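Be aware that the sequence shown starts at 1, since it is given in the numbering used here, and climbs by one per residue.
Since the hints were derived computationally from the structure, they do not count as laboratory data. It is possible that some hints are incorrect.
Calculated cross-link-like contacts (lysine-lysine; reagent style DSSO-like; alpha-carbon spacing at most 30 angstroms) [unchecked claim]:
hint: 1; residue 1: Lys145; residue 2: Lys253
hint: 2; residue 1: Lys148; residue 2: Lys174
hint: 3; residue 1: Lys152; residue 2: Lys260
hint: 4; residue 1: Lys288; residue 2: Lys64
hint: 5; residue 1: Lys269; residue 2: Lys124
hint: 6; residue 1: Lys145; residue 2: Lys4
hint: 7; residue 1: Lys124; residue 2: Lys252
hint: 8; residue 1: Lys307; residue 2: Lys64
hint: 9; residue 1: Lys196; residue 2: Lys174
hint: 10; residue 1: Lys260; residue 2: Lys131
hint: 11; residue 1: Lys148; residue 2: Lys252
hint: 12; residue 1: Lys32; residue 2: Lys124
hint: 13; residue 1: Lys49; residue 2: Lys124
hint: 14; residue 1: Lys32; residue 2: Lys49
hint: 15; residue 1: Lys145; residue 2: Lys32
hint: 16; residue 1: Lys307; residue 2: Lys293
hint: 17; residue 1: Lys124; residue 2: Lys253
hint: 18; residue 1: Lys269; residue 2: Lys156
hint: 19; residue 1: Lys253; residue 2: Lys156
Computed from a predicted structure; not experimentally measured.
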Amino acid sequence: MENKSVDVIIPTYHPGASFPELIQRLEGQEVKPDRILVVNTEKEFWNPKWENLSSLMEVHHIAKKDFDHGGTRCFAAGLSRADILVFMTQDALPADEHLIGRLIKPLIENSTTGAAYARQLPAKDCNFIEKYTRSFNYPEESSVKCRKDIEKYGIKTYFCSNVCAAYDRRIYEKLGGFVRRAIFNEDMIYAGNLVKAGYGIAYTADAEVYHSHNYTAIEQFHRNFDLGVSQAEHPEIFDEVPSEGEGLRLVKKTFVYLVKQGRFWLVPKLIVQSGAKYAGYFMGKRYKKLPEKLIRICTMNPSYWEKK
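Using the sequences plus the hints, can you model the full thing?
Rendered as structure tokens:
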């Protein structure tokens, strides 16, 4: 891979039983990372035995009060001197040994591609609706989106996910990296700035990780509230590409899919979850008009508001 160095960065908090398998699968990559940098929140929730999982792994502990979706990743990037930074979450598992090689390929082949993100496949326990959502957001075809695509794809032009994404360090530093304060969505905020600066974002469908969640309607509400807050705090990115149209398109397509599959009993669940998502997003976008007590009830990240 043209002697490009690669570091994998993983923020962790209460890492679960799958964490050793994640490290094992990273160790077994065809293009092996130079280092695996783990930034763990709260040392008391870390298993010291895990530090023997890999000679590539380097662990740094921070306090919960110091965690931030953007700032912690900036801190981790500052620990690396690699040419390419691969960010992952603790609950994502490489589907095979080709993940890193395929993920970083677009960055090596084109100097104007600043980021690349992997395809997320549903985990074994993924529910039926969420499986379809995975296929909607992560299709089989790879693509590269840039500024000229905004009119056609809207907010999808800025789509990127730090569940598994690679960044060209040269461009990352030039643009100032992730925002230091982010309740959520730090990846898309950076991606928006990337596109606006004239760079492309590659979706690498052949680089695959297993990652999905079976969120309840309440959890969807909290998650989308924070999503709305992140967009309200960055109008320079999101005002020209509203999300509502893409969300409605997903609901319509999911409804049609459920009907075609004869899963009529799942339609009420879709309606409830979609309503919860929209209500959370709607309120998050207008959080400045809400009393602080209500914000703390709605948010998924109460510690963000303590700092704020």
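Hints, one by one, checked against the model:
no.: 1; hint: Lys145 x Lys253; verdict: 22 angstroms, holds
no.: 2; hint: Lys148 x Lys174; verdict: 21 angstroms, holds
no.: 3; hint: Lys152 x Lys260; verdict: 28 angstroms, holds
no.: 4; hint: Lys288 x Lys64; verdict: 25 angstroms, holds
no.: 5; hint: Lys269 x Lys124; verdict: 20 angstroms, holds
no.: 6; hint: Lys145 x Lys4; verdict: 23 angstroms, holds
no.: 7; hint: Lys124 x Lys252; verdict: 25 angstroms, holds
no.: 8; hint: Lys307 x Lys64; verdict: 12 angstroms, holds
no.: 9; hint: Lys196 x Lys174; verdict: 13 angstroms, holds
no.: 10; hint: Lys260 x Lys131; verdict: 15 angstroms, holds
no.: 11; hint: Lys148 x Lys252; verdict: 27 angstroms, holds
no.: 12; hint: Lys32 x Lys124; verdict: 26 angstroms, holds
no.: 13; hint: Lys49 x Lys124; verdict: 27 angstroms, holds
no.: 14; hint: Lys32 x Lys49; verdict: 22 angstroms, holds
no.: 15; hint: Lys145 x Lys32; verdict: 27 angstroms, holds
no.: 16; hint: Lys307 x Lys293; verdict: 15 angstroms, holds
no.: 17; hint: Lys124 x Lys253; verdict: 23 angstroms, holds
no.: 18; hint: Lys269 x Lys156; verdict: 25 angstroms, holds
no.: 19; hint: Lys253 x Lys156; verdict: 16 angstroms, holds
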